[in-house]
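Modelling step: build the complete structure from the supplied sequences, incorporating the hints.
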Amino acid sequence: MKYLATFHTHFDAVKYNKYIREMGAMAVLKPVPRKLSSSCGSCVGVSSPDELPLEQIFTPDVERLYREDEGDYVLLAENE
Amino acid sequence: MSLEREDAPMDSMIDARGKACPIPVIMAKKEADRGNKDFTLLVDNKTAVENLTRFGENNGFNIAIEGKGLDDFSIRFVKSAEGDTSTRVAAGKQSWAIFIGREGIGDGDPELGESLMKMFFYTLEQGENTPDYVLFMNDGVKVPVANDQAVEHLKALQDREAKILVCGTCLKFYNLEDSLKIGTVSNMYDIAEAMQAVNKVITL
Numbered sequence: 001m002k003y004l005a006t007f008h009t010h011f012d013a014v015k016y017n018k019y020i021r022e023m024g025a026m027a028v029l030k031p032v033p034r035k036l037s038s039s040c041g042s043c044v045g046v047s048s049p050d051e052l053p054l055e056q057i058f059t060p061d062v063e064r065l066y067r068e069d070e071g072d073y074v075l076l077a078e079n080e
Numbered sequence: 001m002s003l004e005r006e007d008a009p010m011d012s013m014i015d016a017r018g019k020a021c022p023i024p025v026i027m028a029k030k031e032a033d034r035g036n037k038d039f040t041l042l043v044d045n046k047t048a049v050e051n052l053t054r055f056g057e058n059n060g061f062n063i064a065i066e067g068k069g070l071d072d073f074s075i076r077f078v079k080s081a082e083g084d085t086s087t088r089v090a091a092g093k094q095s096w097a098i099f100i101g102r103e104g105i106g107d108g109d110p111e112l113g114e115s116l117m118k119m120f121f122y123t124l125e126q127g128e129n130t131p132d133y134v135l136f137m138n139d140g141v142k143v144p145v146a147n148d149q150a151v152e153h154l155k156a157l158q159d160r161e162a163k164i165l166v167c168g169t170c171l172k173f174y175n176l177e178d179s180l181k182i183g184t185v186s187n188m189y190d191i192a193e194a195m196q197a198v199n200k201v202i203t204l
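These protein sequences, in sequence, are chains B and Y. 1 is the number of the first residue of the first sequence in my numbering; add one for each residue after it. 1 is the number of the first residue of the second sequence in my numbering; add one for each residue after it.
To be clear, the hints were calculated from the coordinates, so they are not data collected in a lab. Just so you know, even glycine gets a beta-carbon here, dropped at the ideal spot from N, CA and C. It is possible that some hints are incorrect.
So, partial list: chain B residues that the calculated Cβ filter (under 7 Å) puts toward chain Y [said to hold, decoys possible]: (1) Val14; (2) Lys18; (3) Met26; (4) Pro31.
Structure follows, in structure tokens:
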């Protein structure tokens with residue numbers, strides 16, 4: 001499963017990128033895809049051979065979490 | 001009218017031992033520019049061998065290397081029958097290169113700059129227009145050494161025929177010679193030549 005997380009600030013994105021890597025999953029810092037909008041232009045793509053539980057992926061720093069599905073993004077969760 | 005020299009026997013031996021990078025390549029180029037189609041250079045280090053081999057292959061020479069230990073090499077250049085098989089870029093495509101002289105993109109916060117560099121290479125990998133060259137110098141050599149995410153994107157670009165040249169003098173200056181994760185250790189001569197070979201160079 002591939003996820004994409006957006007953030008309110010670039011700092012949150014960098015911190016989250018590091019956090020996901022420390023959890024043993026693959027994280028890629030990238031620009032927010034054109035079809036999505038976000039407070040911040042940076043987002044993090046997450047993929048993991050061993051699935052991380054959603055609560056570990058959807059942290060309080062995340063603005064929105066999407067499931068990535070062949071170029072489409074399905075909104076899974078959103079922080080207030 | 002002057003006679004062309006190409007029929008004259010021009011086999012010659014050039015001693016480039018003790019010369020710092022990129023002098024041996026410049027000596028080889030001078031010899032090639034003179035029209036010499038069969039000459040041999042003596043050098044005393046492996047980096048010079050690699051640089052000279054690349055120069056020869058890019059300029060239509062067959063290369064034969066003989067090594068006598070770790071600090072004594074002879075490299076024979078013989079012009080191949082096919083002539084100049086230089087690397088230049090296929091017609092019809094706008095060739096381009098990226099020159100990176102910093103570890104991050106732009107001035108300001110270094111951490112932001114490093115993140116932007118990651119995202120730049122991510123975006124480049126996603127696109128279809130692969131650069132012909134990615135050139136790293138000065139602080140920029142830290143990208144193919146230490147920026148793990150950028151290294152992954154650079155590997156993908158390299159698989160798509162992008163040539164990644166990293167300044168050897170700069171790696172040496174920062175004591176990073178053994179830490180390069182992607183790209184070819186190169187020199188000013190190759191990098192300047194790459195910049196002149198393409199239609200445009202974008203500097204980050």
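Hints versus structure:
1. For Val14/B, the shortest C-beta to C-beta distance to chain Y is roughly 6 Å, which falls under 7 Å, so the interface hint holds.
2. Interface hint at Lys18/B: violated, since its Cβ lies 11 Å from the closest Cβ of chain Y, which is beyond the 7 Å cut-off.
3. With 7 Å as the threshold, the beta carbon of Met26/B stays out of range of chain Y, its nearest partner Cβ sitting at about 10 Å, so the hint is violated.
4. The criterion of a C-beta within 7 Å of any C-beta in chain Y is met by Pro31/B, whose closest approach is roughly 5 Å, and the hint holds.
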